[in-house]
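**Student:** Spelled out from the first residue to the last, the chains are:
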Amino acid sequence: SNMGNALRPLRSHKTESEYNEVEKCIMLPDDIMLRIIRMLGLIDSANLAATCSRFYCLETRAGASNIREEWETIEVDIYSGIVLSKDVKLSSTRKRIIMHSNSLGTLRALRRIFQTTAIKNVNIKVNLCETAQRSVIDLIPNIGAAETKITHKIKEFSTDNTVPLIGGFKRVGYSNLGLVSGEMERLYDISKSPSISNSFFLPLTDAVCFAQIVMGINHCHFYRIMAHTMTTSRERGKVYYTGGTLCALVLVDGDHETIVYRSTPKMAKIITYNLRRNSAFVRKGLTRIPYVAPRHQRI
Amino acid sequence: PNVKLVTSDNEEFVVDFRIAKMSVTVSRLMEAMNMSETDDASLLSNSIPLPNVTKAVMARVIEWCEKHKNDEPKEEKENDKRGRTTHVVSDWDKEFLKNDEFGRLCQLMGAANYLEIKGLFNDISQTIANMIHGKKSDEIAEMFNIHCDLTEAEKKEIRKKTAWCED
Chain A
1 SNMGNALRPL RSHKTESEYN EVEKCIMLPD DIMLRIIRML GLIDSANLAA
51 TCSRFYCLET RAGASNIREE WETIEVDIYS GIVLSKDVKL SSTRKRIIMH
101 SNSLGTLRAL RRIFQTTAIK NVNIKVNLCE TAQRSVIDLI PNIGAAETKI
151 THKIKEFSTD NTVPLIGGFK RVGYSNLGLV SGEMERLYDI SKSPSISNSF
201 FLPLTDAVCF AQIVMGINHC HFYRIMAHTM TTSRERGKVY YTGGTLCALV
251 LVDGDHETIV YRSTPKMAKI ITYNLRRNSA FVRKGLTRIP YVAPRHQRI
Chain B
1 PNVKLVTSDN EEFVVDFRIA KMSVTVSRLM EAMNMSETDD ASLLSNSIPL
51 PNVTKAVMAR VIEWCEKHKN DEPKEEKEND KRGRTTHVVS DWDKEFLKND
101 EFGRLCQLMG AANYLEIKGL FNDISQTIAN MIHGKKSDEI AEMFNIHCDL
151 TEAEKKEIRK KTAWCED
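Chain order of the listed sequences is A and B.
Going by full-length UniProt numbering, 296 is the number at position 296 of the first sequence; the sequence numbering is gapless.
Going by full-length UniProt numbering, 160 is the number at position 160 of the second sequence; the sequence numbering is gapless.
FYI, nobody ran anything at the bench for these hints, they're computed from the structure.
Heads up, a few of these hints could be off.
Claimed, not checked - Taking CB as the label site, the calculated pair distances span:
(1) Asp-30(A) with Thr-25(B): 31 to 41 Å
(2) Asp-138(A) with Asn-130(B): 34 to 44 Å
(3) Ser-53(A) with Asp-9(B): 33 to 43 Å
Note that the Cβ used here is the ideal one computed from N, Cα and C, for glycine as well.
Build out the structure end to end from the sequences listed, making use of the hints.
**Tutor:** Spelled out as structure tokens, the structure:
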């Protein structure tokens, strides 16, 4: 039979000693190893990664290429407390993964996910807990998503030592985050990093927080009602016009510029009006405006 | 009709045309050499050289192909809910591969990859993945006979990065 034909050489030639002469160290090619790694669970692939630098690189590659183009949204709820016990939910059009972990685990998981995957939308919910805020802010440089939304769990949260951030901006959006002032500075410092500085925009409502608390510009008020005064520094800010209408106000801090969007044409008129009206006062007030150096330049 | 396959160590295997066709590589070579099922002369006068496969490994490959020659083509399965690729290894295949030591499995896998026999390749991939499952790093290193080139600091860093999935 054919089978007989096929097996004959094996039976006639196979000797145990010959067949067992297998090189002990077989270096499977990268593409084969990647295939195997993708069949492994998270713990197994992590253990494999810790064996040598080659497998570590391959494991990272497998993680990246396996998930890229698939994941659409990541949702994270980070609560307060000693242990921030929550889930990380990763979703695509086809599947949804929920990872249960403790606080450190969650944050490490998040960092790892951001480093190795491309996710279109990031939706992070935090509470006031300072630890949670710091952790989330530290994650921001790792987030490469097209849309990032960071929201406070409690809608109407506000206390004396918090800075309410309302609204959202294009890439990294904060909604009523209630950042404590130290974290606001931290967020601002991170926003200067090259990876996100080009896409870090502020809505007008948030500009007050940055101007006053972070950039040290006193008496900075952006009101929606024209009757209210607005003072700011022309030295520390740039104003851009389009066709005679203000389109953006840029707050300058050293090399770093924070762009304040014109949210409505009416808002642009208000800014223009107030800048003109208060220019004398602004010049006088300039001497009182401290310069806030970037964090790394501070003593 | 039969096809002649010649291994790196000059061993000639005569296999059924259907078995030869299970390998995408052999299939392509036959096409290139104008060998067809209906043309006995072309099959008799030609043999397919397989310089990357030894006779011992070829025999194992053929044994697997014999068993699976009547299988329906399998559809690609989507990743499971944890994002892993999964492949179900049949009982026969488990039995077939269970006595192969790791190094031998790797050789067989290399051959399956070179010959492009998807089913066998998937079976061995899953078997190796199963062998890794539940093992600690040092056990995996021993299995692969790897000398760890990571410094203590790098190991610590990797452990730190991967610790989240061990919670």
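**Student:** Does each hint fit the structure? Answer for all of them.
**Tutor:** Comparing the hints with the structure gives:
no.	hint	result
1	Asp-30(A) with Thr-25(B): 31 to 41 Å	violated (19 Å)
2	Asp-138(A) with Asn-130(B): 34 to 44 Å	holds (38 Å)
3	Ser-53(A) with Asp-9(B): 33 to 43 Å	holds (35 Å)
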